[in-house]
Amino acid sequence: MRRRMLFGGIGAVIFLVIGAFIGFLLGTYVGGNYYPEFVFLTWQGYEAGGWIGMILGGVISGILGYDLGVKIANK
4 MRRRMLFGGI GAVIFLVIGA FIGFLLGTYV GGNYYPEFVF LTWQGYEAGG
54 WIGMILGGVI SGILGYDLGV KIANK
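For the working numbering, add 3 to where a residue sits in the sequence shown, where the first one is 1.
Since the hints were made in silico from the structure, they are not lab data. Here a beta-carbon is modelled for each residue, glycine too, at the ideal position from N, C-alpha and C. Fair warning: there could be bad hints in the mix.
Label pairs and their in silico Cβ distance ranges [unchecked claim]: (1) Leu67 / Trp46: 39 to 49 Å; (2) Ile66 / Trp46: 22 to 32 Å; (3) Trp46 / Arg7: 14 to 24 Å; (4) Arg7 / Phe43: 29 to 39 Å.
Between the sequences and the hints, there should be enough to build the whole structure, so can you do that?
Right under this line is the structure:
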């Protein structure tokens with residue numbers, strides 16, 4: 004039980020950082036090139052897209068990383 008939580012936590016942190024970075028890059032690309040007039044809170048264009056991409060990428064990849072870590076610990 005403890006090993007599963009440890010592996011899940013480590014996997015979640017690693018994937019969260021990588022996913023947030025990739026989400027930031029994709030968000031800034033899409034926000035800057037295709038939606039320059041898009042506004043999120045006080046940011047506009049590539050800044051708004053970058054923040055949304057970072058949040059979504061971090062959350063989704065963190066969940067997937069936790070699941071992967073738990074599956075590896077069960078082997």
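Is 39 to 49 Å a correct range for the gap between the Cβ atoms of Leu67 and Trp46?
violated, 27 Å
Arg7 and Phe43, beta-carbon distance inside 29 to 39 Å?
holds, 36 Å
That 14 to 24 Å hint for Trp46 and Arg7 (C-beta), does it hold up?
violated, 39 Å
Between Ile66 and Trp46, is the Cβ distance one that fits in 22 to 32 Å?
holds, 25 Å
Of the numbered hints listed earlier, those contradicted by the structure are 1 and 3.
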